[in-house]
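Okay, here's what each chain looks like letter by letter:
2 protein chains.
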Amino acid sequence: IHESHFLNSLSSLSVDAETLQKQIDELSSFSDSPAPSVTRILYSEKDVLSRRYIKNLMEASGLSVREDAIGNIFGRWTGSEPELAPVSTGSHTDAIPYSGKYDGVVGVLGAIEAINVLKRSSFKPKRSLDVIMFTSEEPTRFGIGCLGSRLLAGSKELAQQLEKTVDGQNVSFFYAAKSAGYMNVEKLSTVFLEKGSYSAFVELHIEQGPILEEEATSIGIVTAIAAPASIKVDFEGTGGHAGAVLMPKRNDAGLAAAELALAVEKHVLESGSIDTVGTVGILELHPGAINSIPSKSHLEIDTRDIDEERRNSVIDKIYESALSISKRRGVKLSEYKIVNQDPPALSDELIIKAAESASQELELTYKKMISRAYHDALFMARVSPMGMIFIPCYKGYSHKPEEFATIDHIADGVKVLALTLAKLSLS
Amino acid sequence: IHESHFLNSLSSLSVDAETLQKQIDELSSFSDSPAPSVTRILYSEKDVLSRRYIKNLMEASGLSVREDAIGNIFGRWTGSEPELAPVSTGSHTDAIPYSGKYDGVVGVLGAIEAINVLKRSSFKPKRSLDVIMFTSEEPTRFGIGCLGSRLLAGSKELAQQLEKTVDGQNVSFFYAAKSAGYMNVEKLSTVFLEKGSYSAFVELHIEQGPILEEEATSIGIVTAIAAPASIKVDFEGTGGHAGAVLMPKRNDAGLAAAELALAVEKHVLESGSIDTVGTVGILELHPGAINSIPSKSHLEIDTRDIDEERRNSVIDKIYESALSISKRRGVKLSEYKIVNQDPPALSDELIIKAAESASQELELTYKKMISRAYHDALFMARVSPMGMIFIPCYKGYSHKPEEFATIDHIADGVKVLALTLAKLSLS
Ligand SMILES: [Mn+2]
Ligand SMILES: [Mn+2]
Ligand SMILES: [Mn+2]
Ligand SMILES: [Mn+2]
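Residue numbers (my numbering), protein chains in the order written: chain E, 362 to 788; chain C, 362 to 788.
In isolation and in its complexed conformation, chain E is listed as follows (with noise of 0.2 Å):
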């Protein structure tokens, strides 16, 4: 079967959508917290559950299975021609606390039922089809976002990191790995791919924005990934009595955090661009008791940018208030960690150009943009062409459980990522 041939066939692509909607709300069960929302932890019950799902899901499409040794988990179709570097798909099922159901999940099920499509449709793969599901996209248990694809991207300073990282409740993330059955975990090396392991990565993904839903655009493509830096800050006071302490004696390291937030939003704001955001997700007290003054407060602070310089600028700015707020209130500013300042990444022409062809054959609208969110494409650009595709999302919701995709949506995904895996593989 050559290109053409495949193409001629293309009514053929045909997506079993009511199944893979029962396995997106079959995946979104396995969830620490209720329904609507979804809480799936990096290497907890409920996350070993939902690789266990997935990896019967590769088995029962006919997949080799393959796991690395942090539980990166590979399915692959092997091709004709073997020996040329396989194409490869895939995304995440991990989910920060209380979100939705779709976030990453969507690039999962959906690529496995992709290689489904294609093969019901009699596609044969010159190269082999690799879909991946990362471990830990999220951030939320050990601080570093796209753990497994920047691992499978060969960073030594992260696995050098990883032997001496813990999680809130002192769980060191071997300790972890190894619970969730990864024995081998401390050959962390093992992870990495060569440059060049693929000829290509591409990932669905549900856009979490509002652009494709308000201009009725059934497909994007995504040209750019903006530059994410994420900061830890920790400010110390003095703490004491509620009622006692009079107001010119207090260092509150609680109303700096105020300060430091509110100063985040302000660089924002002033960077002149839309394309800037900064976000104070995480704002915790020491004591936290109601009659006590704060004595410690720790902020985590997420900046991002498509312009790397300009987001740099804000992060300084943000160092700037910090001083300035710790020397004013007396407090003392003992932690200020850049905990990763990401470059931003962009698609590879080719893969553009084979996801337009493919929207195009399918008749669906689509767009050229840009991701916001980082994703593991960021990390696997490192070391394979890469390109990504968004279908539209309800209001733009992510990471909340009133996220929602339409099935119709989401197939229409499936599709044009069957069709540009099966252009990439033929290539």
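Please keep in mind that the hints were generated in silico from the structure rather than gathered at the bench. Predicted model only: the values in this text are computed from it and were never measured. Positions of the beta carbon are idealized from the N, C-alpha and C atoms, including for glycine. Errors might be hidden in some of the hints.
[To be verified] Quick partial rundown of chain E residues pointing at chain C, CB under 7 Å, derived from the structure:
#1 A520
#2 Q569
#3 A603
#4 S632
#5 G633
#6 I635
#7 V641
#8 N652
#9 S653
#10 I654
#11 R665
#12 I667
#13 A734
[As the list claims (entries may be wrong)] Subject to a maximum C-alpha distance of 30 Å in a straight line, what follows is the list of computed DSBU-like cross-link-like pairs (lysine-lysine):
#14 K610(E) - K627(C)
#15 K627(C) - K593(E)
#16 K610(E) - K698(C)
#17 K693(E) - K627(C)
#18 K693(C) - K627(E)
#19 K539(E) - K407(E)
Based on these hints, arrange chain C with the ligands on the given structure of chain E.
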């Protein structure tokens, strides 16, 4: 024995400082956080252990012990005229998270030692003497400060409220009390004391402020207790993905909370009086993930003043700020609840006089002062003439591990308490 005879033997008032220090140290080991911090939460295992410890000491001192339905503990030394209203003293042993070992404890262990002092000096009480350990002075678990003394003082609102009160883990007050062995907790009205049940109540406590230490004064005699109020506030915004939602589309509940925290400080400073204080000790974000815009926030605000009207005007301004922040940021003010708003209490003139003469006779320096922290004495004042004796504490520190009082200052406080109780018992 009449007063003049007893007063001649003042030199016989000797405190067993070594044993008292040992007891303070032992009690601090019943803690859910590592030393030197103390965490002892109502009806927890450690609270139950501390209750047993106190009852054993009361029995060892020859007191007859009773507990009421919610676990207020009374140890009685029956006087020669048991039909007269007794004199009472006492404080609490619960401790907020990561606090110290003196707050409350000095007024319970010190009261038992004051009884020992009087017994060793061959004093015979006319009015009976009651040592009370109050249940839950701290609001930690159920958000209600002075729960035990408030109920003793006959608060029917509190009794009603307790029927449906739950803690942060949704454990009901009744269930928690039963777990600690108080099976009759539902009979709340049996806890009420009638007005006149006691002829006097005197509480010994560390100052929790720096004045006595700075002025090198041994004893503080409290003339009034400041008026405390506490408020709970919830904001609800839209939440969403920290990368994908652009700044103009945000309704960040966390930034609303940060603004309100700073507004509390501003309104308190604007009151024009050094006596006005306000604190945001609790500020929580939901879902609490670095890459998620806070969709909900929760604040708990404590504000106090010796002037009730001035404090209430601060509360009004905080409410206005909450409303205007909510409007400006497009977040919902889903809760604004004044949990309690208590009036100040004045000490009884005769008790003040008794404590003054006691200090003079013991040749200890003393000063009359205001209590900015509230105490069980604030509520005992509703059913009994009330007074308080303060002792110096290191730098005024309280509600943190660095809280400290020298055993010499504690022993002086115990002596003044003993002599004051003796005077009140004979009057
Ligand atoms: Mn996500
Ligand atoms: Mn995702
Ligand atoms: Mn206290
Ligand atoms: Mn206290």
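Hints, one by one, checked against the model:
Evaluation of the A520(E) hint against chain C yields a violated restraint, the C-beta minimum of about 22 Å exceeding 7 Å. At about 4 Å, the closest approach between the beta carbon of Q569(E) and any beta carbon in chain C falls short of 7 Å, and the interface hint on this residue holds. With 7 Å as the threshold, the beta carbon of A603(E) comes within range of chain C, its nearest partner Cβ sitting at about 4 Å, so the hint holds. Among the interface hints, the one on S632(E) is violated; its C-beta lies about 9 Å from the nearest C-beta in chain C, farther than the 7 Å criterion.
A distance limit of 7 Å between C-beta atoms decides the matter here; for G633(E) the minimum to chain C is near 12 Å, and the interface restraint is violated. Taking 7 Å as the C-beta contact cut-off toward chain C, the hint placing I635(E) at the interface holds, the least distance being around 6 Å. Interface hint status for V641(E): upheld, as the beta-carbon distance to the closest one in chain C is roughly 6 Å, under 7 Å. Annotation: interface hint on N652(E) holds; nearest CB of chain C at approximately 5 Å, less than 7 Å.
At its closest, the beta carbon of S653(E) sits 4 Å from a beta carbon of chain C; the interface hint therefore holds under the 7 Å criterion. Against a cut-off of 7 Å between C-beta atoms, the interface hint on I654(E) holds, since the closest Cβ of chain C lies about 6 Å away. For R665(E), the shortest C-beta to C-beta distance to chain C is roughly 5 Å, which falls under 7 Å, so the interface hint holds. Given the 7 Å rule on beta carbons, the hint for I667(E) is violated: about 11 Å separates it from the nearest Cβ of chain C.
Because the beta carbon of A734(E) sits about 4 Å from the nearest beta carbon in chain C, less than 7 Å, this interface hint is met. Taking the CA atoms of K610(E) and K627(C), the gap is about 15 Å. The hint holds against a cut of 30 Å. For the suggested pair K627(C) and K593(E), the alpha carbons sit about 27 Å apart, so the restraint of at most 30 Å is met. Only pairs whose Cα atoms come within 30 Å are accepted, and K610(E) paired with K698(C) is accepted, the gap being roughly 28 Å.
With a C-alpha separation of about 22 Å, the suggested pair K693(E) and K627(C) falls inside the 30 Å cut-off, and the hint holds. Of the pairs offered as hints, the one joining K693(C) and K627(E) holds, with about 22 Å between alpha carbons and a cut-off of 30 Å not exceeded. Annotation: proposed proximity of K539(E) to K407(E) holds, straight-line Cα distance about 15 Å (limit 30 Å).
Checked against the numbered hints given earlier, this structure breaks hints 1, 4, 5 and 12; the rest are met.
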